[in-house]
Structures are given as structure tokens and as C-alpha cells.
Amino acid sequence: MGRGWFVAALILDILLLAFGVYMAGSAAEIAIRTGGETAPVAIAVLFAALPVFCLAAPFAAGRARRRNRPQAQLVALFAAPWVYGLLLVVFLFNS
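Numbering of the sequence shown is given in our numbering, commencing with residue 1 and proceeding in unit increments.
These are computed hints drawn from the structure, not numbers from a lab. Among these hints, one or two may not hold up.
Just the calculated beta-carbon pair ranges, DEER-fashion [to be verified]:
{"#": "1", "residue 1": "V90", "residue 2": "L12", "range": "14 to 22 Å"}
{"#": "2", "residue 1": "A18", "residue 2": "F91", "range": "16 to 24 Å"}
{"#": "3", "residue 1": "I32", "residue 2": "R3", "range": "41 to 49 Å"}
{"#": "4", "residue 1": "I30", "residue 2": "N68", "range": "40 to 48 Å"}
Fair warning: this is a prediction, and the values are worked out from it, not measured in the lab. Every residue gets a Cβ at the ideal spot worked out from N, C-alpha and C, and that includes glycine.
My request is simple: use the sequences and hints to build the entire structure.
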């Protein structure tokens, strides 16, 4: 993976991080408004994992890049938060 692709993927993950923080904040607000019921708190935890995932994946990809891992592994590490985010959105609209 060339340096340009690496930087582009990093920028996309940072962009997803911004949306993830917003989604996690909104889910936490809903959980607080419902009085701490189990289902809203569980959903808030699922959404709170997205920003953490967006921060961890680029660090792992950078480490894999320094260790000359296969390019498929780098692509998978950068794509993983996006796949998780899409699953959360699908889950949100199907609930």
C-alpha cells in the first residue's frame, strides 16, 4: 500500500471517527433520557465502540505497515471500522 493510499485511508477513518463520536453521543443521550433501561444502554455501548475502533484500526494498520505485512491485511484493518459502522446503521434502521 503506497503512502498516498495509506494517508487517504487514514483521512477516511478520521472522518468516520467524527461521525462515530456524534452517533455515540446521541446514543448515550437517548440512554440517559430513558432512565438507564437495559436495551438503550446496550445500544449506546455498541455505538460507543465505533470511535474506539476508529482510533485503534489506523494504529494497528500503521504497525502492520511498518512490519511489512500483506497489503490485504492493511486494507482489512482500514475497512473494518467502516464495515462496523455500516452494520450499526443497518441495525439502527431495522430496529
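Results for each hint:
1. V90 - L12: 14 to 22 Å: Holds, at about 19 Å.
2. A18 - F91: 16 to 24 Å: 20 Å, holds
3. I32 - R3: 41 to 49 Å: 43 Å, holds
4. I30 - N68: 40 to 48 Å: At 44 Å between Cβs, range holds.
When the structure is compared with the earlier hints, no violation turns up for any of them.
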